[in-house]
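Enquirer: Protein chains in written order, with our numbering: chain A, 1373 to 1687; chain B, 331 to 637.
Please keep in mind that the hints were generated in silico from the structure rather than gathered at the bench.
Being a predicted model, the structure only gives us computed values, none of them experimental.
Ideal placement from N, C-alpha and C gives every residue a C-beta, glycine not left out.
Fair warning: there could be bad hints in the mix.
Under 8 Å between C-beta atoms, here's a sample of chain A residues computed to sit facing chain B [unchecked claim]: (1) 1509; (2) 1524; (3) 1655; (4) 1670; (5) 1674.
Reference listing, derived: stretches of chain A covered by chain B, where coverage requires no fewer than 3 residues with Cβ under 8 Å from a Cβ of chain B [what the hints assert, rightly or not]: (6) 1476–1483; (7) 1564–1577; (8) 1615–1625; (9) 1639–1647.
List time: in silico DSSO-like cross-link candidates among lysine-lysine, alpha-carbon distance up to 27 Å [as the list claims (entries may be wrong)]: (10) B:449 with A:1414; (11) B:545 with B:449; (12) B:338 with A:1510; (13) A:1417 with B:449; (14) A:1414 with B:549; (15) A:1414 with B:545; (16) A:1417 with B:545; (17) B:340 with A:1510; (18) B:549 with B:449; (19) B:549 with A:1417.
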Amino acid sequence: MSTRPQIPATRALPISGTEEVKINKRPWYRSKDWSPLDATSKFSKYLILFFMTIFAIYTIMPIWWLIVGATKPDGELFSGNGFWFSDFNLWENLQTLFTIQDGVYGYWLLNSLLYAGLGGMCSTLFAVMMGYALAKYKFRGRGVVFAIVLAGVLIPASVFAIPLYLLFSGTGIINTFWSVFIPSMVSPFGVYLSRTYAAESVPDEVIEAGRMDGASEFRIFFQIGLRMMAPALLTIFLFQFVSVWTNYLLPSLMLANDKLQPVTVGLVTWQYMRGMPVGYSSVVTGALVSVIPVVILFLSLQRFWAKGLSAGAIK
Amino acid sequence: MSSTTAPKRKRAGYMERQALTRAIPFMIPFALLYLFIYLIPLCYALYKSMYTVGRSGLGISAPEPKFTGFSNYINVLTDPVFMSSMGRVLLIGLIQVPVMLILALVLALWIDMRTTVGKRFFRILYFLPYALPGVIAGLMWSFLYAPSLSPIVKAAEAIGIHLDFTSGNVLPFSIMNIMTWAWTGYNMIIIYSSLQSIPSEIMEAAAIDGLTGWKASWKIKVPMVRPAIILTAVFSIIGTAQLYNEPVVLKGVAPNLSSQYTPIMSALSTLTSNYNTSAAKSVILAIFIGACSAVFFAVTREKEPTK
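So here's chain B without its partners, still in its complex pose:
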């Protein structure tokens, strides 16, 4: 028995080794860069996050880093300011992501309809904000939000409505609006390209069977573009968790915006005073984002028929 399988196995092993020697030269440039830009910094942050710079009582001797294990993590996880920044991002994500994705899906379905007028125009227009940097989007909207500068606030004032986009309670919604403005078109395009790959025979067959309009969209199109919707959802979750550009720019017109408004802002705020804490915050955020997207993938993939 072994006499027949052994050479086979040997041959398979040889093939794999040969494939590896062929693959390595192709992989070296990316692998090295990935190592230096992603893996080593992450390990370095992990290492730094385990240390605390102790200050001696009189401040005479130089501060020395001391190994303190997970104490930075415990401090960060019990820090109400950091945790509220996490909560804020979570809240923004829970409201903004579904609203944006439903909008994107509806727009994609409309643009996919054969009878819609001006598809190409709308498609390009909706996608346009994606090409704009987050800080530029933030900049434009901050001028439209600023109480003293905004033409919208002024126009509303003229008809007796008082608008304040930068007060504490409204700020999260102002930020959600910028994110929705910037990313709906992008998500729409992903869903739309997926809709385009549905063979028209399927939809025609459904139409002949009397399934048209919303019913057809809901029962056939939406399930068929499920993977695309999942992809957009994961990208949106990731995007929300790393929220930074928009609030930083908004701070220019909303001084009441906390400098630790989001987790990344929080990590940055301690960068010069206590970078060990910043390292711990980054690691926590990285794990949180990785876990969120992994869980979302796992949950949504399970229900799919095996491919």
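With the rest of the complex left out, here is chain A:
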């Protein structure tokens, strides 16, 4: 307790007297409100920077290889320096990629986009409705319902892929669009996240006020609840989008028709061909192209998921 009053004192230090000169000379990396936490030695600061750079190089290395590889003609992919450019052949590679096997790659990209995009939207809406109901309506047994949903979070979807395949293979759903799309509409993790978020960010008073004004429960949810839960919505959508986009096991089980497959399944089929008849350069270029949409989505919405993630983590 005795240390508390000292905090403003240290904060105020730079403003008084001689310290002011120092603040004008502060290096570019020092933030304006200097605090005692900044008293790190130069040595340890550069040591940290060094290790962080090493890990950054490790992270970027395979991606860099992929980028470089996508620009090379098929014959040079594995000769010479793998981490540096040789003949620039990217446009030809792209052309081959989208025309080989009757342009099946285009279908794959579109399918991935449909499964992940539409599936993500539906799953988000359903999960948020469920989470909102569990957080805001105090009915008996809601704890049990939540526990059952939580079991779905703890047991991963890929474990359910085989039972789901067994079930679907007895019906006409298998090898259709629906066999992959229906499972992508469910996000137990989304329910978990939105329940936490709804409990915190949608006050009971607001709902009560809506009722007083004669609004229906759905209207209250769609006009007030959804707006207040917007950051959670985006997070859930991103998560589901990525988990469907990156999924391999379920679509590879369900879909034999290559025109219905997502890009992950298609690329692995190509890789298994070991260069014939589809060259490795198409695999590499295809992998790079398939990564771009998700990376763009992530970088542009970075702010939102970080927030949502922490909401899920803190509880």
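Start from chain A and add chain B according to the hints.
Expert: Chain B only, in chain A's frame:
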């Protein structure tokens, strides 16, 4: 006495019923889908796993499914191939998960430090692999591992070092490397967002009391982000148990990789020949994963002060 509590109870009951009728329309879409995608398949798998398709001696009559109780489970649990796939995943998890989480924690602490340069850049860069599908990560690394294709192997050869990422003993570590590469940033972000919620006054107060650097991190920050670390640990355990994408893709360059390398691969390998066994394997894996995460949650939650 009852005259005062009875109406109250009645009122509470009415409120609960009203809440339920209001909640049901919101829950129907998710509940139905959850039922069809999670619960019914699981029950169906349970049901199938209790049957065995008997083959009559001459193979003339059609094979008939017969109720055989837990015999599939006993067969699977005594099957050395399946059990070694479980053991392999357990081993990979025991080594890879701690290494990855320590890395993630250290990186998160560094990025959380006020003096670190280029935080935003590093944060985004480290997180990037998360956006890449597991099979794409596997694909990239398999090209970097393949004895005849890898630029790394070639470079090492040039200076006289022989590297083999795809030989039997090294394979688990090659897989661990892909997993660490793919998930460290993700876990780091979870821990980092939790670190961000620590009020800076607490750390400043500690600094004034002489607690700085590693000591401050270890004694204040780490305990405060405990729930986030637990969450990442549980997700990592779950992720490791369902290991599938990376080894399947690696198989393209490592033919010696067993087709029953992990439990899911094992369950898939019997899918066409004996799906009752596959069903039993899936159920065992589901129970195993559920139990692992539940136990981990229970053990780590207990020590926390009640909230």
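Enquirer: Now tell me, hint by hint, if it's right for this structure.
Expert: Results for each hint:
1. Hint status for residue 1509 (chain A): holds, given a least beta-carbon distance of 4 Å to chain B, under 8 Å.
2. The beta carbon of residue 1524 (chain A) is positioned within 8 Å of a beta carbon in chain B (closest approach about 5 Å), and the interface hint is therefore held.
3. The beta carbon of residue 1655 (chain A) is positioned within 8 Å of a beta carbon in chain B (closest approach about 7 Å), and the interface hint is therefore held.
4. Annotation: residue 1670 (chain A) was flagged as interfacial toward chain B, and the flag holds, the nearest CB pair being 5 Å apart, inside 8 Å.
5. Annotation: interface hint on residue 1674 (chain A) holds; nearest CB of chain B at approximately 7 Å, less than 8 Å.
6. With a threshold of 8 Å between beta carbons, the proposed coverage of the segment 1476–1483 of chain A by chain B is violated, since 0 of its residues qualify and at least three are required.
7. For the segment 1564–1577 of chain A, the stated coverage by chain B is not satisfied: 0 residues place a CB nearer than 8 Å to a CB of that chain, which falls below the threshold of 3.
8. Residue count for the segment 1615–1625 of chain A with a Cβ under 8 Å from a Cβ of chain B: 6. That meets the three needed, and the coverage hint holds.
9. Figure legend: the segment 1639–1647 of chain A, annotated as covered by chain B; annotation consistent (5 residues with Cβ-Cβ distances under 8 Å, at least 3 required).
10. Restraint check for residue 449 (chain B) and residue 1414 (chain A): the C-alpha separation of about 17 Å stays at or below 27 Å, so the hint holds.
11. Simply put, residue 545 (chain B) and residue 449 (chain B) have alpha-carbon atoms about 22 Å apart, close enough for the 27 Å limit, and the pair holds.
12. Of the supplied pair hints, the one linking residue 338 (chain B) and residue 1510 (chain A) holds, its CA atoms being roughly 16 Å apart against a limit of 27 Å.
13. Between residue 1417 (chain A) and residue 449 (chain B) the alpha-carbon distance is near 13 Å, which keeps this suggested pair within the 27 Å criterion.
14. Between the alpha carbons of residue 1414 (chain A) and residue 549 (chain B) the distance comes to roughly 23 Å, so the proposed pair stays at or under 27 Å and holds.
15. Taking the CA atoms of residue 1414 (chain A) and residue 545 (chain B), the gap is about 18 Å. The hint holds against a cut of 27 Å.
16. At most 27 Å may separate the alpha-carbon atoms for a hinted pair to count; residue 1417 (chain A) and residue 545 (chain B) meet this at roughly 16 Å.
17. For the proposed pair residue 340 (chain B) and residue 1510 (chain A), the alpha carbon gap of about 15 Å is at most 27 Å, so the pair holds.
18. Restraint check: the Cα-Cα separation between residue 549 (chain B) and residue 449 (chain B) comes to about 23 Å, which is no more than 27 Å; the hinted pair holds.
19. Only pairs whose Cα atoms come within 27 Å are accepted, and residue 549 (chain B) paired with residue 1417 (chain A) is accepted, the gap being roughly 20 Å.
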